[in-house]
Amino acid sequence: NAGVTQTPKFQVLKTGQSMTLQCAQDMNHNSMYWYRQDPGMGLRLIYYSASEGTTDKGEVPNGYNVSRLNKREFSLRLESAAPSQTSVYFCASIDPGVSYNSPLHFGNGTRLTVT
Amino acid sequence: RKEVEQDPGPFNVPEGATVAFNCTYSNSASQSFFWYRQDCRKEPKLLMSVYSSGNEDGRFTAQLNRASQYISLLIRDSKLSDSATYLCVVNILFSGTYKYIFGTGTRLKVLA
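Residue numbers (the working numbering), protein chains in the order written: chain A, 6 to 120; chain B, 38 to 149.
FYI, nobody ran anything at the bench for these hints, they're computed from the structure.
Where hints are given, some of them may not hold.
Said to hold, decoys possible - Covered, in the sense of this in silico footprint (three residues per stretch, anywhere, with C-beta under 8 Å from a C-beta of chain A), are these stretches of chain B:
no.	segment
1	94 to 100
2	129 to 136
Stated by the list, open to error - Simulated crosslink set (BS3-like; lysine-lysine; CA at most 25 Å straight-line):
no.	chain 1	residue 1	chain 2	residue 2
3	A	Lys14	B	Lys39
4	B	Lys82	A	Lys76
5	A	Lys62	B	Lys146
6	A	Lys14	B	Lys79
7	B	Lys82	B	Lys146
Glycine residues also receive a C-beta, built at the ideal position from the N, C-alpha and C atoms.
Here chain A stands alone, though its shape is the one from the complex (with noise of 0.2 Å):
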């Protein structure tokens, strides 16, 4: 059982490139979450998708794209990226109908330097 998995570890960008970022679970979640990691703010959510086929804004959406492919996966689109978008990105994942109380399971995180 493998969890929640991330796609490239790490990933170095010139800017203006573009690049999407994999996330697979194999947990059977509904909910599936993109956060982005920076010094000093904390995780900050980017996308989410309660379910399979909708997908919503998070706090910082601007310069993203998102795409709930099926079940398992939710991928993050960078169109065009900028040094602004350098960060450490983690997808999670949950299933709610589990119990309100359910914890977020985390992949292992993208590391992402635009140049």
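Using the hints provided, position chain B relative to the given structure of chain A.
Structure of chain B alone, referenced to chain A:
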């Protein structure tokens, strides 16, 4: 005002000491509460959920005060391995979806 606020620290304590962290939240509709631990350059991992009646897990005790909107974490008999950043997390039901709001974390260093 941030939705979830924590003292960033660092808290530098000797091995064996007792240390306490507090966290305040602004949304009175918050549903559930957690403490996560995050090691350097790693993903956050659940340390414990926080219940209204207070709960304990070994050396760790969590308390919730809904009236004052704060959460606490007490670590007794600190170990070197407790050195990490501790994240306070609040779960809010918003438009039918649970949103997890993170504090910026409190850094703990346990010294030999």
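Checked hints:
{"no.": "1", "hint": "94 to 100", "in the structure": "violated (count 0)"}
{"no.": "2", "hint": "129 to 136", "in the structure": "holds (count 6)"}
{"no.": "3", "hint": "A:Lys14 / B:Lys39", "in the structure": "violated (30 Å)"}
{"no.": "4", "hint": "B:Lys82 / A:Lys76", "in the structure": "holds (23 Å)"}
{"no.": "5", "hint": "A:Lys62 / B:Lys146", "in the structure": "violated (36 Å)"}
{"no.": "6", "hint": "A:Lys14 / B:Lys79", "in the structure": "holds (11 Å)"}
{"no.": "7", "hint": "B:Lys82 / B:Lys146", "in the structure": "holds (18 Å)"}
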